[in-house]
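One-letter residues, chain by chain:
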Amino acid sequence: MRARFWGTRGSLPVSLTATQVARKIGHALLAAQGRQYATLEEAQAFALTLPFHLAQTYGGHSSCVELELTPPSQHSHEYVLCDLGSGVRPFGNAVLAQHGAQTPNIFHVFMSHVHWDHIMGFPLFAPAYIPGNQIRIYGCHADLEAAFRRQHGTPSFPVEFDQLGARIEFITLTADRCHTIAGLQVTPLRQLHVGDSYGYRFETQQHTLVYSTDSEHKLDEPKITERFVDFFRAADLVIFDAMYSFAEAVSVKEDWGHSSNVTGVELCQMAGARHLALFHHEPMFDDTRIASVEAETRRFEEISRNGRPPLKVTTAYDGLEIDLAAR
Amino acid sequence: MELSFERRADVIVLKPLGRIDHEAAATFNAALAPYLENCKTGGDRLLFDLSALDYISSAGLRVLMVATKRTKPVGGEIAVAAPHSVVREVLEITRFNLVFPVYATVADGLQALSPGSQLSA
Chain A
1 MRARFWGTRG
11 SLPVSLTATQ
21 VARKIGHALL
31 AAQGRQYATL
41 EEAQAFALTL
51 PFHLAQTYGG
61 HSSCVELELT
71 PPSQHSHEYV
81 LCDLGSGVRP
91 FGNAVLAQHG
101 AQTPNIFHVF
111 MSHVHWDHIM
121 GFPLFAPAYI
131 PGNQIRIYGC
141 HADLEAAFRR
151 QHGTPSFPVE
161 FDQLGARIEF
171 ITLTADRCHT
181 IAGLQVTPLR
191 QLHVGDSYGY
201 RFETQQHTLV
211 YSTDSEHKLD
221 EPKITERFVD
231 FFRAADLVIF
241 DAMYSFAEAV
251 SVKEDWGHSS
261 NVTGVELCQM
271 AGARHLALFH
281 HEPMFDDTRI
291 ASVEAETRRF
301 EEISRNGRPP
311 LKVTTAYDGL
321 EIDLAAR
Chain B
1 MELSFERRAD
11 VIVLKPLGRI
21 DHEAAATFNA
31 ALAPYLENCK
41 TGGDRLLFDL
51 SALDYISSAG
61 LRVLMVATKR
71 TKPVGGEIAV
81 AAPHSVVREV
91 LEITRFNLVF
101 PVYATVADGL
111 QALSPGSQLS
121 A
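These protein sequence lines map, in sequence, to chains A and B. Going left to right, the first sequence walks through residues 1 to 327 as our numbering numbers them. Going left to right, the second sequence walks through residues 1 to 121 as our numbering numbers them.
Derived from the structure by calculation, the hints contain no laboratory data. Watch out, some of these pointers could steer you wrong.
Capping the alpha-carbon separation at 30 Å, the derived lysine-lysine pairs in DSSO-like fashion look like this [claimed, not checked]: (1) B:Lys-40 to B:Lys-15; (2) B:Lys-15 to A:Lys-218; (3) B:Lys-72 to A:Lys-218; (4) A:Lys-218 to B:Lys-40; (5) B:Lys-69 to A:Lys-253; (6) A:Lys-253 to A:Lys-312; (7) B:Lys-15 to A:Lys-312; (8) A:Lys-253 to B:Lys-40; (9) B:Lys-69 to A:Lys-223.
These numbers come from a predicted model, not from an experiment.
Modelling step: build the complete structure from the supplied sequences, incorporating the hints.
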């Protein structure tokens, strides 16, 4: 299984400013120390040797993650997504680039919840406009369909939902029950968030991936903590809402429905998970700040390991692909 | 986890020993509770001497946060002092160094909380 991140930002999409881009170029020129590069490819290869936050960017699209079981060919393909934030727009364009507009595809989408940053990409998801495509949107919220319909049409958008060309279905899942969908065993779990959110545990015979965003963890009730530890148990990859610092999450931003890098590490350690992907980045954070959080999280994992096997920590960014390692 | 106690004038110095992880947090919480009662305006100030603390998890920090939330509205003051390098890193990574003052030594903490406290044992 491969996880491909199309949108990793929390709450609101952001983009680099002109000043931030100029600063990155300045850093790269300073690091080059006057060296000459004959081609753009050579210069780019050098840029990729620089620290990620200096020469690249974590990106700014809101939540959208693709789970790939088999790579698509030119033929019809079944895609699996988590959430439809603004990151689904470049995903849709990549699908059209892969297949053209004539090949019908099936899209299975698992919704954590229907807050705006998680649905806002759908009106600009090009495959939704193409007859022959099937879009199956799964979730545990009773108002799943209403939330999507509400953001289409007057006065919010020029196209009514019923004008979309694809066949779109909404399928309600039951939490704590294992469903078989698109070759995956899928189990939703209710999470602490305003209006509720749901995490998903995806299992194949080879791999387990947990998608757990927009979830606050108080860790003050052992029974609830144990539920999440079981949910994360031995996962190959946990995609985790690490929007706030731990102090923020338990003080000024308590009950805002998000979690921290430190809580992600601790839950994954208790669960024996292998790999933690920090996700749903605070939109106020620039690349330097996110890189700093990543370094601190890796250090915290070392400090708190206490004899357990190491937990790999990665900061998700728009465009990142993670291949789940063979067991 | 053990919690020792020493009064220095109007400052109560609490010294946790060992590790405060998820298992020990409830014990820490129970041991701390009696000292919160009088942590208020005109009452005691609390200074945590962290010099013998090996590690503190988020659950332990949450206990300190709850104590701060409970005492601050009634004028209570809480500070920590003398964390060794690992605990200091945890405080910085979690941003708990922004929640309450962190002093390099117990003497610094006593001086800041109550200048007269260092004269009376």
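Legend entry - Which numbered hints fail: 7
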